[in-house]
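Asks: These are the residues of each chain, in order.
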Amino acid sequence: MAQTLGYLKESPSQTAGPYVHIGTNPNWVEITGVWDKDLGLVLVGPDTKGERIVVKGRVFDGAGAPLRDALIEIWQADAAGLHNSPQEKRGAADPHFAGWGRQPTDAVTGEYKFETIKPGRVPYIDGRPMAPHITVWIVARGINIGLHTRLYFDDEEAANAECPVLARIENKARVKTLLAVRSEENGLPAYTFDIRLQGEGETVFFDI
Amino acid sequence: MSDQGPFIQRNRDRHPPAYTPTYKTSVLRSPQHALLSLGNTISEMTGPVFGHNMLGPLDNDLIRNFAQTGDPIGQRIVVYGRVLDENARPVPGALLEFWQANAGGRYRHKKETYLAAIDPNFGGCGRAITDQEGRYAFRTIKPGAYPWPNGVNDWRPAHIHFSVFGHAFAQRLVTQMYFEGDPMIWQCPIVRTIPDKAAIEQLVAALDRNATLPMDAMAYKFDIVLRGRRSTLFENRMEGN
Ligand SMILES: [Fe+3]
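Residue numbers (numbering that gives the first Met the number 0), protein chains in the order written: chain A, 0 to 207; chain B, 0 to 240.
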């Protein structure tokens with residue numbers, strides 16, 4: 000028999016279940032007094048650099064019903080395209096922007112909403128610039144392993160057209176499932192990013 | 000092992016597939032297209048950082064962090080372990096969030112309809128950040144099993160839910176911990192979404208008599224493994240990748 004390599008195996012995923020918010024957003028489900036503030040609700044402060052935007056949408060199941068028990072996390076670069084992470088080796092990100100956010104979907108409407116900034120461009124593996132994007136991660140009851148996707152901006156046509164990740168989507172009709180649609184809300188650019196788990200218009204999800 | 004390389008490909012044979020009809024809610028919530036293989040860009044190889052200074056003194060004490068009039072009902076336990084990566088290296092600074100039902104199997108949640116009683120002294124949430132050796136520990140009461148609407152008579156084994164942040168968004172994981180010796184584990188439709196028995200056993204915490212606090216609390220050891228990075232032994236990569 001050969002020598003063993005000594006690797007461990009990743010712990011398997013299990014669904015977050017219907018009560019994920021007890022652990023992630025206890026104040027939101029009226030478990031107060033354990034800690035003051037649920038994490039990830041606020042991304043921007045007065046000193047954050049970059050263009051303020053709103054990102055919002057809903058997550059639909061295969062029957063077209065919005066998920067009202069999901070949890071959405073986002074992770075993104077700052078306005079200069081740098082991540083606020085020790086793993087970011089290209090420079091120091093804006094100290095006033097953590098780049099991570101987390102919101103439950105509304106228990107009635109199913110809508111999620113983040114106030115954030117428009118991210119800068121980040122290089123792909125080969126150094127070519129990717130189009131501005133936000134990493135989106137979804138967990139909920141009935142989702143056995145968290146789903147990774149990306150939000151791109153529909154008003155970044157030139158950048159989107161040369162994004163090496165979008166170029167990898169063979170079925171071009173599916174590219175638009177990753178494009179958030181620009182409108183306006185309270186004087187801010189607002190991008191609507193609806194996520195379809197299944198069926199017509201199913202969002203492109205990634206194995207990362 | 001390198002700190003720079005992309006993550007080892009996720010072995011999806013050890014994870015539940017998206018579509019698992021015996022867990023009925025997955026039927027309409029499972030993508031039907033194949034996932035698009037992206038691999039890691041900088042967007043996935045980075046991740047948020049959480050400092051120890053954000054923790055309150057009772058964040059890892061579910062016996063005390065919601066108590067109003069006394070301790071919660073139930074068997075007192077300590078859950079402890081390490082967060083490691085696939086290269087068997089500790090993951091320091093990992094944020095763990097955990098949530099659970101009370102000793103009767105009831106969650107403190109508006110949508111929860113199980114008739115077991117709410118415990119006025121139990122909230123059911125806590126969190127911890129691993130130390131330099133990847134260690135964490137928290138104190139709680141052992142959760143009860145509970146029935147759930149799936150089959151006409153399905154029950155969940157006693158379990159604690161975990162959310163884990165490693166150093167990169169590619170490592171993000173949500174899972175559940177079960178208890179050694181519980182016969183309910185093997186009949187649970189959610190457990191059985193995992194196709195590999197050895198993978199299931201990786202989620203079963205071992206009763207640790209040596210770490211048990213005499214006259215106080217039983218101890219369970221639960222290690223969590225996150226994805227590890229590939230070693231880049233002979234790769235010349237462009238600056239910034
Ligand atoms: Fe549960």
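No wet-lab data here; the hints were simulated from the structure. Hints should not be assumed to be uniformly reliable.
[Unchecked claim] Below, in silico cross-link-like pairs of lysine-lysine (BS3-like), each with a Cα-Cα straight-line distance of 30 Å or less:
id, chain 1, residue 1, chain 2, residue 2
1, B, 220, A, 55
2, A, 8, B, 109
3, B, 196, A, 8
4, A, 8, A, 55
5, A, 112, B, 109
6, B, 220, A, 8
7, A, 36, B, 141
8, B, 110, A, 8
9, A, 112, B, 196
10, A, 55, B, 109
11, A, 112, B, 23
12, B, 196, B, 109
13, A, 36, B, 109
Asks: Look at each hint and say if it fits the structure.
Replies: Each hint tested on the structure:
no.: 1; hint: B:220 / A:55; result: violated, 40 Å
no.: 2; hint: A:8 / B:109; result: violated, 37 Å
no.: 3; hint: B:196 / A:8; result: holds, 13 Å
no.: 4; hint: A:8 / A:55; result: violated, 36 Å
no.: 5; hint: A:112 / B:109; result: holds, 22 Å
no.: 6; hint: B:220 / A:8; result: holds, 17 Å
no.: 7; hint: A:36 / B:141; result: holds, 26 Å
no.: 8; hint: B:110 / A:8; result: violated, 35 Å
no.: 9; hint: A:112 / B:196; result: violated, 39 Å
no.: 10; hint: A:55 / B:109; result: holds, 25 Å
no.: 11; hint: A:112 / B:23; result: holds, 28 Å
no.: 12; hint: B:196 / B:109; result: violated, 34 Å
no.: 13; hint: A:36 / B:109; result: holds, 20 Å
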